[in-house]
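Undergrad: With chain U fixed as given, assemble chain F onto it according to the hints.
There are 2 protein chains.
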Amino acid sequence: KRLAQLRFKHAWTEEEFRMATDLISEPGPYGLHDSMFLITCRDQGSDAQQSMYYERAAKYEIIGCYAQTELGHGSNVRGLETTATWNPDKKNFILHSPHLTASKWWIGSLGRTANHAVVMAQLILNGKSLGPHPFVVQIRDMESHEPLPNVHVGDIGPKFGYNTMDNGFLLFNNLEIPHESMLARYSGVDPKTNKYIRPASASLVYGTLTFIRSNIVMQAGSVLARGVTIATRYCAIRRQFQDKDAPAGSVGESPVLNYTMVQIRLLPLLAATFALHFTGKSMMDLYNENKKRMGEKATAGDAKRGPGPEEINAGSDLLADLHATSCGLKSLASITAAEGLEVCRRACGGHGYSSFSGIGPWYADYLPTVSWEGDSYMLTQQVARYLLKSARSVLKGEKPTNDTTQILSTYLSRADMGAAFDVLGSDEDLVAAFAWRAAYLTFEALKHRDEHKKAWNDLLVDFFRLSKAHSQYLIVKNFYDALHRSETAAELDPETIAVLYKLFRLYALHTLETEASEFYTSSAVTVRQIQLARSTMVMKLLQEIRPHAVRLVDSWDFPDWQLDSSLGRFDGKVYEDLFHRASEQNPLNGITIDPYPNNGILFKSNQSAAYKSKL
Amino acid sequence: KRLAQLRFKHAWTEEEFRMATDLISEPGPYGLHDSMFLITCRDQGSDAQQSMYYERAAKYEIIGCYAQTELGHGSNVRGLETTATWNPDKKNFILHSPHLTASKWWIGSLGRTANHAVVMAQLILNGKSLGPHPFVVQIRDMESHEPLPNVHVGDIGPKFGYNTMDNGFLLFNNLEIPHESMLARYSGVDPKTNKYIRPASASLVYGTLTFIRSNIVMQAGSVLARGVTIATRYCAIRRQFQDKDAPAGSVGESPVLNYTMVQIRLLPLLAATFALHFTGKSMMDLYNENKKRMGEKATAGDAKRGPGPEEINAGSDLLADLHATSCGLKSLASITAAEGLEVCRRACGGHGYSSFSGIGPWYADYLPTVSWEGDSYMLTQQVARYLLKSARSVLKGEKPTNDTTQILSTYLSRADMGAAFDVLGSDEDLVAAFAWRAAYLTFEALKHRDEHKKAWNDLLVDFFRLSKAHSQYLIVKNFYDALHRSETAAELDPETIAVLYKLFRLYALHTLETEASEFYTSSAVTVRQIQLARSTMVMKLLQEIRPHAVRLVDSWDFPDWQLDSSLGRFDGKVYEDLFHRASEQNPLNGITIDPYPNNGILFKSNQSAAYKSKL
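The listed protein sequences correspond, in order, to chains U and F.
Mapping to my numbering: the first sequence position 547 is 547, numbers consecutive.
Mapping to my numbering: the second sequence position 292 is 292, numbers consecutive.
Only chain U is shown next, with the shape it has when bound in the complex (with noise of 0.2 Å):
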C-alpha cells in the first residue's frame, strides 16, 4: 500500500514505479492490478470500456488481477474450461465453471486483493465455442470486500516462495455478467445481431508475449547477478584450508575464491550475467524497433490462437524470428538463472543455507519464472518449429531474409567441405561455430522429422536441445556484437573492454567444453581443441579474470540494504553481521524452553516481543 501512495504523492511515471518495484525485490499485492490488468484493459477494452475499467483502476479506485490458468489448464489456452455463454434474450453473458478443474488457480492479487478480474472464458454464441475471450469481471463487493454471490473466491495456500502474493482461485456458478463485461476492442458480440465481431489478426498478441519474454532474459542477467555478487564477495573474505602447494611452515589458510573449483563454479556465472544483459538489451532493441517499423496499424485479438502449439501466423519475417529467438531465450535465461543462483548458494558452504545469506528466498521467489509465460520445457516446441520451417526454405533456395536463414545458408552450402574454425585462437571463429552447431543439429533434426518421418513426440528431446544450442548461439553471438558496438568503446575505458573480452570467451569456451559432444559430432571442432579449451585455456581464463572478479560483480552495484545479505556485504564484514542478526535480532532467544521429554510443559518463558519490537 504505501508504494502505490507514494506513487501518487510524487507523481512517478510508469517506468520509476517499476524502478521502485524492482527495489523492493519482493512481489507485492499489487503487483498483478499494476501490471496485467491494467494493461489488459488498456490495450483490449474499447474507447468506453478504457475510461470504465482502465481509468478507475489506475486510480485504485477498482483492483484488479488477470485470471487465465486453471487448476487443470496451464500452458493450452485453448484447452481452458471456464465458460462465457451469450444470453440473446437478456443479452446478457453467463459465466460458468462447469468442473473443478475449471477453477481459476495461480492468479496472482486475487487470493486476498482483487474486487475484479480479466477472466478469460471460452465464448460460446448460438452453442458454438469460439475460443477464449477476455471478460471484466466483478467478484468481490466494493464495500464490503466479501464475495459476490455465486463468486467462490479464495487464496491457494503456501508456495515454496513468492508468499508475500496472494495466488488465488475463482469459480463462478452460472454468474450473470452484462454486455460491457467482453473487452471489445478486438472482437465482440453484436447484440443486436447476436453475431460474433472477429478479429483482424493474430500478431499483436504475440508481440505482447515477445515483449515479456525479453523482459525475462534481461531480468535473467540482474536476478543472477545479485547471487553472483553476494557469493563472490563471501568467497574472497572466506578462507579455508592452507593450498596443497604451500611451502611448509607458512600458515593461514587461502580465501576459497582462488581455489579454482570454487572459480570454475561462480566466474563463468558471472560472464553469464553480462551475456544475459547484453543479449536482453537487444532483444528489446529489435523488439522497439518492430514495433515502431509496424505502427499502429494492426487491430488484433488473441481468438485465432491455433488449436496445438505448432501453428503461428506472424506478422512479418522479423517478427516471427523475434519470436521464435525469445521463447528459446526465455527458456535458456530462465533455467540458467535459476541453476545459478542455487550454485552461488552452495558456493557460499554452510552459511549459503542461513535466511541471512540472502540467496535462498530470492532463489524460492524466482523459481517460478522457469513454469510461467510459457513452460521452459514446452516453449522449446516452438523454436524447433520455427528452424524446421526457417531450415524447409534454405533447402528450396529461397534467399536468406535475417540471421537465422543466413546462419543455416552458410552450414548448407559448406557442410560437404566441413569447417575448421580456429575457435582458440579467433572470437569470430568461436561465434561461427556456436552457429554452426545450430545450423547441424537443424538440419539433422529435419531428417528425422521429414525424411525418417518421426513422431513429434519422438522428437521432443532433440527439440530441447536444438533450442538450447541456438539460444546459446545467440547469446554469444549478441555479446561479441555488444563488444564491438562503437557505443561501448566510447563508454568504457579500454581495460574495461579487455576484462569483459575475456568474459565473453570464458563464457563461450566453458559453454564449449561443457556441450562439446555436439560441437564434435558436427565437427564444429576436434577432440584435441576441446582437451585444450578445457584444460588449458579455461583454467588461464579464470586466473586472468579472478583478480577483477570482485570489482566487477561490485560494477552491477547493489546497495547492501538490497541484498539484504550478511555474506554480500560490501564493507566484508560477513562474521560480525552474522553474529548481529543472531544474537542480537533474533526473536527465537527470548524464549527458554523445557528441554525433558516427560516434563509436560514446552515454553518456561518467552521474552521474544521484545526482539520484535528490535526489528
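Just so you know, the hints here were simulated from the structure itself, not pulled from any lab data.
Computed from a predicted model, the values in this text were never measured in an experiment.
No residue lacks a Cβ here, since even glycine has one placed at the ideal position from N, Cα and C.
Warning: the hint list may mix true and false statements.
In silico DSS-like pairs for lysine-lysine, Cα to Cα no more than 30 Å straight-line [claimed, not checked]:
#1 U:Lys540 <-> F:Lys502
#2 U:Lys195 <-> U:Lys91
#3 U:Lys159 <-> F:Lys159
#4 U:Lys128 <-> U:Lys195
#5 F:Lys389 <-> U:Lys502
#6 F:Lys540 <-> U:Lys389
#7 F:Lys447 <-> U:Lys502
#8 U:Lys454 <-> F:Lys540
#9 U:Lys447 <-> U:Lys399
#10 U:Lys453 <-> F:Lys540
#11 U:Lys399 <-> U:Lys454
#12 F:Lys192 <-> F:Lys91
#13 U:Lys159 <-> F:Lys573
#14 U:Lys540 <-> F:Lys447
#15 U:Lys291 <-> U:Lys159
#16 U:Lys454 <-> U:Lys389
#17 F:Lys59 <-> F:Lys291
#18 F:Lys399 <-> F:Lys447
#19 U:Lys477 <-> U:Lys399
#20 F:Lys540 <-> U:Lys447
#21 U:Lys447 <-> F:Lys502
#22 F:Lys573 <-> F:Lys477
#23 U:Lys291 <-> U:Lys59
#24 U:Lys195 <-> U:Lys90
#25 F:Lys159 <-> F:Lys195
#26 F:Lys502 <-> U:Lys454
#27 F:Lys454 <-> U:Lys502
#28 F:Lys159 <-> U:Lys573
#29 F:Lys454 <-> U:Lys540
#30 U:Lys453 <-> F:Lys128
#31 U:Lys540 <-> F:Lys453
Covered stretches of chain F (chain U as the covering partner; in silico rule of three or more C-beta atoms under 8 Å from a C-beta of chain U) [said to hold, decoys possible]:
#32 348-355
#33 582-589
TA: Frame of chain U; chain F shown alone:
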C-alpha cells in the same frame, strides 16, 4: 518430545527408533542428541565417562549436541579456533573462544534445546597445541535452562529449510571445566604428570565418517524416490495439449507423462533411485564386513588428522578404498538427489511450486546434505588423491589388491591397443566402458600432476570430474552386480527383473550420453555409438519403461501421509485434494482485507482461527 516418550513406552530398539524418525520426515530438536552426542559419548568416553554421560543422556536426563563447526571454520577441522588449555595448578581446562570467528555455529539442537555439548577444541598443553579434542561441557542450567555464566549461547536464526531444528551458536569466556570433561577413551591428559596420552591410530575416525557417508548414499536413493513418486503419479494424471501427430478430429489431451520431454527428465531419475539404493546397500555390506574383520583391536582418537587434506592414515587397503569411494559417492549421490528433486518439482509444472506438492519443503530440508559431512565439491579431492596413489602403485607394477587397482591395471595393460566396447549390445561391456573412462581420467590426472608438475589447485576441476567418473562407474557396477546376485533372482519374478534391467540400461546409457565427451576422448566408445545411444536406445528404453513407471514408483511404497502431497496421491485425486486444502483448510481465507491503498486499515475481519482448529 512425543517421540521420545513413545520410545520409552514401547521400548523401541535403536533401529526401530531410527525408522520412526525417518517416517516423521522432519528434523526434530533431539536429532543431534540422539545421534552425534550419544554416539560420541559412548564411543569416545572412558568407562567412567560412559556412565556419567552416556547413560544419563540415553534416559534424556541430560540433553546434548555436537559442537564442532565454527563461524569461520567448516570443512577444515584443524583450523578450529576454540581452545581448551590445561591448567596444571587447578588440574582443569579453560575453554575459550578467542575471536568472533571461533564461535561454534550451525550446531544442531543447540539453539534452544541442549543443556550439554560435546565441544571440539584445540587442546593446549604447556603452551603447545595438540589439535582438536572432544570435551563434554554443561552449557545451560539443569533447572532453569538459562545459559551458565561465561557461556553465550543462542539460535542462529532462520534458514532456507530445516527450520524445525534449532541450530545454534556458542561462545566461551575462559570457562573452567573439570578434568573429566575431556573424553578420554583414546587420548587424554595425565593429571599427575601433566603429560599428553597419545592415541594409537586414526583409522577408527574414518570408519565412523565412512559409515555416515554410506548412509547418505543409501538415503539419497529414497529421498529422490519421494520426489520421483510424486512427479510420476502426477504426470500420469495431468493432461495438457493434444499430441501434435494426433489424427484430426480426435479429442482429449494427453497425460504429460506420455511426452518424451517429461520422460527424459523423470525416468532416468527413477532408474537412479534404484541405482543409488543398491550402491548404498553394497557399501553398507562392505563396511560391516570390514568392521567385523577389524574386530575391536583398534583404539584411536582423531588427533592425528593431517594438516592438509592429502594425508590419510588408512588402516587397511580395503578401508582406504572404502573411505575414498564413500567420499566420491557421497558427493555424487547428494548432488544427484538434490538436483533430481528440483527436476521433479519442475516436471509438476506450476503446481509443483505449491507447498501442497510436498516437494519444495522436502527439497529445502535435504539441501544441507550437499554441504555437510564433507562439502560435496571439496570432498572429491580425497577421491582423486586415492586414485592417484593407486595409479602410482599400479605403474610401479604392484599387484592389484582391490577393485580400483584392478581396473587401473586392466586399463594400463590395454591402453595401447585401445578398447572396443559393445556398449549398446552387452551390459558387461557397458560397465567396462565406465571403468575404462575412470581409469583413463586417472592416468591423465597423474600425468598432469607427476609429469607436468601442475599445481594441485589447478587440478581441482579435473579432480572433480575424475571423482564423478569413478563414482558413476561404481554405481553402474553395483546396480549391475545387484541384478546378477542369486538373492535377487530368488526374491523377484523374472518380469520385474527384466524391467530392472531396462532401468539399469537407461541409467547407464543416459549417463554415458550426458558425459559423452569423456567417453570419446578415452576412446571407450565411438561417435556413432553415442549418437545411437542418444537418439535410438535411450528413447526406446523410455518408451518401454513408461507403462511400468507408476508401478515402479509404487514399489517404493510411500504412504500418502508421509508424502503429504496433493499431487502424489496414490488414488490420483489430485485436483480434489488441492482444492480441499486451498478452499477448506486455508486459514488465510478467514481474513478479509481492505484493498484500497489510501485507507489506513488493513484487516476488515479475521476469522482465521476457525480454520486452524480444523487442521
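Undergrad: Are any of the numbered hints broken by this structure? If so, which, sorted upward?
TA: 1, 5, 15, 22, 25, 30
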